[in-house]
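*Asks:* Okay, so the sequence shown: first residue is 9 according to my numbering, each after it adds one.
By construction, these hints were calculated from the structure, which means they are not laboratory data. What you are looking at is a predicted structure, and each value in this text was computed from that prediction instead of being measured. Don't be surprised by glycine CBs; every beta carbon is placed ideally from N, CA and C. It is possible that some hints are incorrect.
In silico lysine-lysine, DSSO-like type, Cα no more than 30 angstroms apart, as pairs [stated by the list, open to error]:
1) K165 to K185
2) K218 to K153
3) K195 to K153
4) K218 to K195
5) K195 to K165
6) K153 to K185
7) K83 to K25
8) K74 to K25
9) K185 to K218
10) K218 to K165
11) K37 to K72
12) K25 to K153
13) K37 to K165
14) K25 to K185
15) K37 to K185
16) K37 to K153
17) K37 to K218
18) K83 to K72
19) K25 to K37
20) K153 to K83
With beta-carbon atoms standing in for the labels, derived distance ranges [claimed, not checked]:
21) A213 to I70: 52 to 60 angstroms
22) K25 to A75: 29 to 37 angstroms
23) R203 to A151: 35 to 43 angstroms
24) D69 to Q26: 29 to 37 angstroms
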Amino acid sequence: MSYATLLVWVNIDHVSKQFVGVAAGVADKFAANLLGLSAVAIVPPFVAEGVVIVDNATEFDIAKLKASLAEAGHKVQAAAGSGRRFEWRSVIELPTQALISEARCADLIVIESGRSAGDMYRSVDVGAAILGAGRPFLVVPAAVKSLAADHVMIGWKDTREARRAVQDALPFLHEAKRVTVLEICEKEQMETARRHVDDVIRYLAQHRIKAERQVEMQARGSRADQIIGWADNEDVDLLVTGAYGHSRLNEWMYGGMTRDLLTTSPICCLMSH
Numbered sequence: 009m010s011y012a013t014l015l016v017w018v019n020i021d022h023v024s025k026q027f028v029g030v031a032a033g034v035a036d037k038f039a040a041n042l043l044g045l046s047a048v049a050i051v052p053p054f055v056a057e058g059v060v061i062v063d064n065a066t067e068f069d070i071a072k073l074k075a076s077l078a079e080a081g082h083k084v085q086a087a088a089g090s091g092r093r094f095e096w097r098s099v100i101e102l103p104t105q106a107l108i109s110e111a112r113c114a115d116l117i118v119i120e121s122g123r124s125a126g127d128m129y130r131s132v133d134v135g136a137a138i139l140g141a142g143r144p145f146l147v148v149p150a151a152v153k154s155l156a157a158d159h160v161m162i163g164w165k166d167t168r169e170a171r172r173a174v175q176d177a178l179p180f181l182h183e184a185k186r187v188t189v190l191e192i193c194e195k196e197q198m199e200t201a202r203r204h205v206d207d208v209i210r211y212l213a214q215h216r217i218k219a220e221r222q223v224e225m226q227a228r229g230s231r232a233d234q235i236i237g238w239a240d241n242e243d244v245d246l247l248v249t250g251a252y253g254h255s256r257l258n259e260w261m262y263g264g265m266t267r268d269l270l271t272t273s274p275i276c277c278l279m280s281h
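Hey, can you work out the whole structure from these sequences and the hints?
*Replies:* Quick look at the structure:
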């Protein structure tokens with residue numbers, strides 16, 4: 009099992025050479041095709057009391073958007089380097105919907121964290137895309153310059169999403185030098201957590217992947233902070249987790265690990281829903 013095609017989402021207003029370089033490095037790791045994608049939507053007319061305040065886009069405006077998308081494609085191709093299998097796609101459409109639609113083409117979607125807030129007509133809502141795409145996401149923090157994935161940590165919780173994430177991460181796990189399965193739980197759940205993690209380790213062993221068990225009691229603060237702290241101390245460079253095991257609305261209202269990792273993790277995260 010490997011990744012044959014990586015889809016790299018590019019924000020039309022910010023083409024990061026460093027981010028594209030990380031994606032290209034992952035593509036090289038798995039000898040995968042690289043598919044670049046960007047989208048921008050036309051802002052609809054604003055109507056107040058039956059009066060149109062903003063006119064529809066003209067042909068000139070549409071041509072300008074297409075030119076900007078083409079320019080982004082040239083920047084991505086230049087940053088990815090020559091001599092690789094690269095395809096560029098761009099559409100005039102809501103970015104989140106465009107990404108969900110084009111996800112059918114790829115095994116793994118690579119996206120830069122911290123670029124989801126703002127204008128829905130020009131940027132992707134990463135949470136909504138994860139929920140709708142049906143593909144794993146590799147979320148890359150802006151400060152990351154490369155991804156060796158030498159030490160991969162699975163943030164385990166016995167949910168459908170976590171099981172999906174482990175399966176989706178198998179290509180990375182096969183290539184890793186060290187794999188750790190970590191579960192954080194309440195004190196009274198420690199024995200159950202050990203059994204669950206041992207089952208995951210046996211599952212990975214059947215795929216010729218050696219993994220270590222780590223079960224920790226929930227400390228003060230968020231689980232995301234505890235996971236990030238442990239990962240930082242152990243030189244983890246890739247986290248694997250399920251995404252939105254609780255509803256996204258609950259995470260938005262009350263907080264949750266997926267939201268916290270998307271907004272605060274300094275380490276690359278592979279997430280599946």
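*Asks:* Taking the numbered hints from earlier one at a time, note which ones the structure violates and give those numbers from smallest to largest.
*Replies:* 3, 11, 22
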